[in-house]
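Q: Could you build the full structure based on these sequences and the hints that come with them?
Keeping their order, the protein sequence lines are chains A and B. Start counting the first sequence at 1; every next residue gets the next number (this note's numbering). Start counting the second sequence at 1; every next residue gets the next number (this note's numbering).
In case anyone wonders, no lab produced these hints; they're calculated from the structure. The reader is advised that the hints may include incorrect statements.
Claimed, not checked - Within a straight-line C-alpha distance of at most 25 Å, the following computed PhoX-like cross-link-like pairs (lysine-lysine) qualify:
(1) B:K78 - A:K134
(2) A:K134 - B:K105
(3) A:K55 - B:K105
(4) A:K89 - A:K56
(5) B:K78 - B:K124
(6) B:K78 - B:K105
(7) A:K55 - B:K129
To be verified - What follows is a list of derived Cβ distance ranges for each label pair:
(8) A:I24 - B:G108: 46 to 56 Å
(9) A:F21 - B:F133: 48 to 58 Å
(10) A:A121 - B:N29: 46 to 56 Å
(11) B:N29 - A:K136: 51 to 61 Å
By construction, the Cβ of each residue, glycine as well, lies at the ideal position given by its N, Cα and C atoms.
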Amino acid sequence: MRKREDESLGGALIAMIDVVFQIIIFFVCTANLQDSGRDPRIQLAVAPHAQLVIKKDPREIVVDVDSHGSVTIARTPLSSGQLLHVLRKATAEYGRDVPVIVRADGRASHEMVRQIMDASAAAGIWRIKISALKEKGG
Amino acid sequence: MARKRRLVVEHPGELNLVAMIDVAFQLLNYFIISSRPLDVLANLDILRPEADDISTKEEEPPQMLEILVHRDGYAIQKRNVGLAELDRQLTRLGGSSRNVSVVIKCTGNSPHAGLVNVLDVCAKVGLTKLAVFSM
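A: Dropping the structure here:
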């Protein structure tokens, strides 16, 4: 009787450990997924004193600018007209407080960043966030 | 005979801890070696002047500091300074009053990192009334 109890306990323990490992593997594999939307070519400027990104607004529009000055959203290159169209659509849908985050390469000229700011202003968005690296990973 | 059989008997539900720990450490090693530390992102909030403000604004409010970001560096109140000097001056200013409005003017050919550096210094000092003009 005692032996049977031990056996069933051992079997349950094996299954539990199995599940725990599956969960660990899942979390480790998905931890980097949120980072995968970032363009690896963009080297953000370092701002160690900037406010940490804790909470993400699901409405946020992240506009990337690489070192050559090309503007992309979700790795899709956009002309200034297309960008304005996207921002106008966003403001029509979510309101004027939709957060626009400019993720520009530190080496990019301000002229390209200015185009995004001007397009945001034309769409009625005055509050803009500039993305920077608080701490460089590796 | 009976003694021999007793030696051979194994419990099917018995947990082989040694092998399991071995596998667990293999997995742990794999994940530690293959993982890349993530970059920590931060945001710097700025305000763009509204179009109406530009046309109607004739005189600047008294508590306003102007920082110019150009291709070769920075200028504070039209005086060329390095980043260290800018940091020192803003720290001194931030210590006396945090209600100062900082107007950051960027030339078109200035690197974006220059603007980020100025915003970072302002965040460090605690100056929050920031506006960015493009020239």
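Q: Decide, hint by hint, whether the structure agrees.
A: Here's how the hints hold up against the structure:
Between K78 (chain B) and K134 (chain A) the CA atoms are separated by roughly 29 Å; this puts the pair beyond 25 Å, and the hint is violated. Taking the CA atoms of K134 (chain A) and K105 (chain B), the gap is near 23 Å; set against the 25 Å cutoff, the hint holds. For the given pair, K55 (chain A) sits about 29 Å from K105 (chain B) by alpha-carbon distance, which is inconsistent with the 25 Å threshold. About 20 Å separates the Cα atoms of K89 (chain A) and K56 (chain A), which keeps this hinted pair within 25 Å; it holds.
A threshold of 25 Å between alpha carbons decides the hint, and for K78 (chain B) with K124 (chain B) the separation of about 22 Å falls inside it, so the pair holds. With a C-alpha separation of about 11 Å, the suggested pairing of K78 (chain B) with K105 (chain B) holds against the 25 Å cut-off. With a CA separation close to 22 Å, the supplied pair K55 (chain A) and K129 (chain B) stays within the 25 Å bound. Against the hinted window of 46 to 56 Å, the Cβ-Cβ separation of I24 (chain A) and G108 (chain B) comes to about 50 Å, which satisfies the hint.
Restraint check, F21 (chain A) to F133 (chain B): a C-beta distance of roughly 56 Å satisfies the suggested window 48 to 58 Å. Checking the proposed 46 to 56 Å range against A121 (chain A) and N29 (chain B) shows it holds: the Cβ atoms sit about 52 Å from each other. Taken as a hint, the range 51 to 61 Å is violated for the pair N29 (chain B) and K136 (chain A), whose Cβ atoms sit roughly 25 Å apart.
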